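Novice: Sequence:
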Amino acid sequence: MLDEINNLENKNTYSSSNNFSNNENYKNLDDKHIFRLSNFDGPLDLLVSLIKEKNISIFDVDLYELATQYLEIIKKIEFYEIDIASEYLVMAATLLQLKARMLLQDEEVVEEIKQEKKRLLEQIAEYEKFKEIAIVLKENEDSRQNLFSKEPEEHDDFKRVVDNSVLDGYSSSSKLVVTLRKMFERTYSEMVRNITISTVAVSPEKQKERIIHLFFNKNELLFEEVFNVPSMGHFVITLLAILDLARQEIVFIEQYEDEGVIKIKKGPKYE
Numbered sequence: 001m002l003d004e005i006n007n008l009e010n011k012n013t014y015s016s017s018n019n020f021s022n023n024e025n026y027k028n029l030d031d032k033h034i035f036r037l038s039n040f041d042g043p044l045d046l047l048v049s050l051i052k053e054k055n056i057s058i059f060d061v062d063l064y065e066l067a068t069q070y071l072e073i074i075k076k077i078e079f080y081e082i083d084i085a086s087e088y089l090v091m092a093a094t095l096l097q098l099k100a101r102m103l104l105q106d107e108e109v110v111e112e113i114k115q116e117k118k119r120l121l122e123q124i125a126e127y128e129k130f131k132e133i134a135i136v137l138k139e140n141e142d143s144r145q146n147l148f149s150k151e152p153e154e155h156d157d158f159k160r161v162v163d164n165s166v167l168d169g170y171s172s173s174s175k176l177v178v179t180l181r182k183m184f185e186r187t188y189s190e191m192v193r194n195i196t197i198s199t200v201a202v203s204p205e206k207q208k209e210r211i212i213h214l215f216f217n218k219n220e221l222l223f224e225e226v227f228n229v230p231s232m233g234h235f236v237i238t239l240l241a242i243l244d245l246a247r248q249e250i251v252f253i254e255q256y257e258d259e260g261v262i263k264i265k266k267g268p269k270y271e
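For the sequence shown, the positions run 1 to 271 when full-length UniProt numbering is used.
In short, the hints are calculated from the structure, not lab data.
This structure is a prediction, so every number in the text was calculated from the model and none was measured.
For every residue, glycine included, the Cβ atom is placed at its ideal position computed from N, Cα and C.
Among the hints, erroneous ones may be present.
Taking CB as the label site, the calculated pair distances span [as the list claims (entries may be wrong)]:
no.: 1; residue 1: Leu-222; residue 2: Asp-244; range: 17 to 23 Å
no.: 2; residue 1: Arg-247; residue 2: Leu-214; range: 17 to 23 Å
no.: 3; residue 1: Val-136; residue 2: Leu-103; range: 37 to 43 Å
no.: 4; residue 1: Glu-132; residue 2: Asp-60; range: 15 to 21 Å
no.: 5; residue 1: Asp-60; residue 2: Ala-100; range: 18 to 24 Å
no.: 6; residue 1: Leu-240; residue 2: Asn-146; range: 52 to 58 Å
no.: 7; residue 1: Asn-55; residue 2: Glu-141; range: 28 to 34 Å
no.: 8; residue 1: Pro-152; residue 2: Ser-203; range: 39 to 45 Å
no.: 9; residue 1: Val-109; residue 2: Gln-145; range: 48 to 54 Å
no.: 10; residue 1: Lys-131; residue 2: Pro-152; range: 25 to 31 Å
no.: 11; residue 1: Ala-134; residue 2: Val-110; range: 32 to 38 Å
no.: 12; residue 1: Gly-42; residue 2: Gln-145; range: 22 to 28 Å
Model the full assembly from the supplied sequences, consistent with the hints where possible.
Specialist: Below you can see the structure in the form of structure tokens.
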């Protein structure tokens, strides 16, 4: 096959200002380190490389000149590369046939030659597009290699433990109402019967200070200690103070059973 290419090439002469001999990247083809078929993915890859050297569009390339350059390269194939050269030789035969028909300038086959040239250039252009897509996909693959996934974990270890005996800033409104109703009914059921209207000269802030002071040297207080106040007005103010302290988690209210002892303890944010 290589001998046939050499014989046919020697019979044809074609000159161009941009022909193969003027291509700096391929002047030294006799140097075995300059060109290797193994550096390309196939004949179309080689043709795309030759076209890019000219910095022109694929459809503007001189196909005769391109065929000449390709055939010059094929003639330089090293013996040890013959095993990977079969598809390159098939393309060489196609280009050689097309080049010969172009030289003959037979008017009867001019249109046919145009169609062959168009099909070949479209094939090269399509290959170049796929090659560009392959590069993008490879970059995406490389980026994906830097991403790591992990199996989902059980969330039970992260759930907040709910102690139904504790009334704190996370307690539901219904639980708050029930607990406070029981506190009120049990301790002040008798007092409610003899309510008198009076001016209460104390604020929730003052009562909060009083409650915090009651914790001096103590970690918990009984309900009766905190709500030992002289009037219903004081009771309401003290209740508001306790609720605000519980909301801020400075204290929490604890009762382990219905009608059981109600305790007020230091919360996690007590200072």
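Novice: Run through the hints listed earlier and report the numbers of any the structure violates, in increasing order.
Specialist: Hints 8 and 10 contradicted; others consistent.
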